[in-house]
Amino acid sequence: MFAYILRRLLLMVPTLFGILLVAFTIVQFAPGGPVERVLAQLQGADTSASSRVGGGTGDVGGQAAMQAAQGNSNYRGAQGLDPAFIKELEKQFGFDKPAHERFFKMVGDYLRFEFGRSYFRDASVLDLIKEKLPVSMSLGLWMLLISYGISIPLGIRKAVRDGSPFDIWTSALIVVGYAMPGFLVAVFLIVLFAGGSFFQIFPLRGLTSGNWESLSLGGKVLDYLWHIVLPITAMALSAFATLTFLTKNSFLDEIRKQYVLTARMKGLDEKRVLYGHVFRNAMLIVISGFPAAFVHAFFSGSILIETIFSLDGLGLLSFESILNRDYPVVFANLFIFALVGLVVNLITDLTYTFVDPRIDFEAREV
Numbered sequence: 190m191f192a193y194i195l196r197r198l199l200l201m202v203p204t205l206f207g208i209l210l211v212a213f214t215i216v217q218f219a220p221g222g223p224v225e226r227v228l229a230q231l232q233g234a235d236t237s238a239s240s241r242v243g244g245g246t247g248d249v250g251g252q253a254a255m256q257a258a259q260g261n262s263n264y265r266g267a268q269g270l271d272p273a274f275i276k277e278l279e280k281q282f283g284f285d286k287p288a289h290e291r292f293f294k295m296v297g298d299y300l301r302f303e304f305g306r307s308y309f310r311d312a313s314v315l316d317l318i319k320e321k322l323p324v325s326m327s328l329g330l331w332m333l334l335i336s337y338g339i340s341i342p343l344g345i346r347k348a349v350r351d352g353s354p355f356d357i358w359t360s361a362l363i364v365v366g367y368a369m370p371g372f373l374v375a376v377f378l379i380v381l382f383a384g385g386s387f388f389q390i391f392p393l394r395g396l397t398s399g400n401w402e403s404l405s406l407g408g409k410v411l412d413y414l415w416h417i418v419l420p421i422t423a424m425a426l427s428a429f430a431t432l433t434f435l436t437k438n439s440f441l442d443e444i445r446k447q448y449v450l451t452a453r454m455k456g457l458d459e460k461r462v463l464y465g466h467v468f469r470n471a472m473l474i475v476i477s478g479f480p481a482a483f484v485h486a487f488f489s490g491s492i493l494i495e496t497i498f499s500l501d502g503l504g505l506l507s508f509e510s511i512l513n514r515d516y517p518v519v520f521a522n523l524f525i526f527a528l529v530g531l532v533v534n535l536i537t538d539l540t541y542t543f544v545d546p547r548i549d550f551e552a553r554e555v
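Going by my numbering, the letters in the sequence shown line up with residues 190 to 555, in that order.
Quick caveat, the hints were computed from the structure, so don't treat them as lab data.
Here are the simulated lysine to any residue pairs, SDA-like style, with alpha carbons at most 20 Å apart:
| no. | residue 1 | residue 2 |
| --- | --- | --- |
| 1 | Lys286 | Val216 |
| 2 | Lys409 | Met326 |
| 3 | Lys319 | Trp331 |
Throw the hints in and build the complete structure from the sequences for me.
If you want it as structure tokens, here you go:
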């Protein structure tokens, strides 16, 4: 097992290198950039994230500045801008060096976990990530615990009672919940329970109240739980469907196999058959989907929810950094997301051996 773990850890290096190389190459051909954003601001254009999404004046200003930075003096965006100032601006952002030099410098820095400073925020990238990480971890951890804690028992129950009224009406509820986008559920919950038009039960934004520091330990816990009810509900509702049906179908597939019939013929009670024999085999397919669910819950799945509920986490940070061309933050987030995903994938493989000791990774090629 040690040899397999070592091989997987070594394989992470070229994998991360390839991910960064592809992303860096794409960025070189993407319109706009940090230099262009600064020049657009000097031209009086709106370069906010919302203007970029809406295709407003920020796009025009960014394109104008981009061509100005490329030395196209015939374009009107270059008028009134000193070429020496543009060169100095490029040097400040590191764009005075060839692309391959910038890439390998970035890789070398990342090997030492040095991510530099944000272009447009007065903070280091690592400090920004540390600041936003607790929000994303809080949302992601609760979403995983609730979705797995409900979906797996519910899926087992549905498999045991396949075709019963319980199976039918729970399937209908789950499908309806899955069909509703998370952001739409979030808006509905706000309107209904956060003072929109009906009830004022839960807070509208943030993870804590303004007087959180003055609360007792029990008060802080209750205040925190009070704040996360709506965002976690909006995030987890659609996650129930996939995991529940996956668990149900996996258990149904195992229940119909010969070894289950043999166990029943030996006189084993149903609980021992289900949890002593079926559970171990059926859970393998559920475990295999954990890495994707983990990364999605902690990072990519909460962007809209963070925006709607004013929760300043990693998802919102990454989204705004991409729109604003804050490349140090973009690449650092990509590197960390990919690294976490690879590590969780390895942990998932090791979990296979815990659930089913018959699996031997040493006997297979990586």
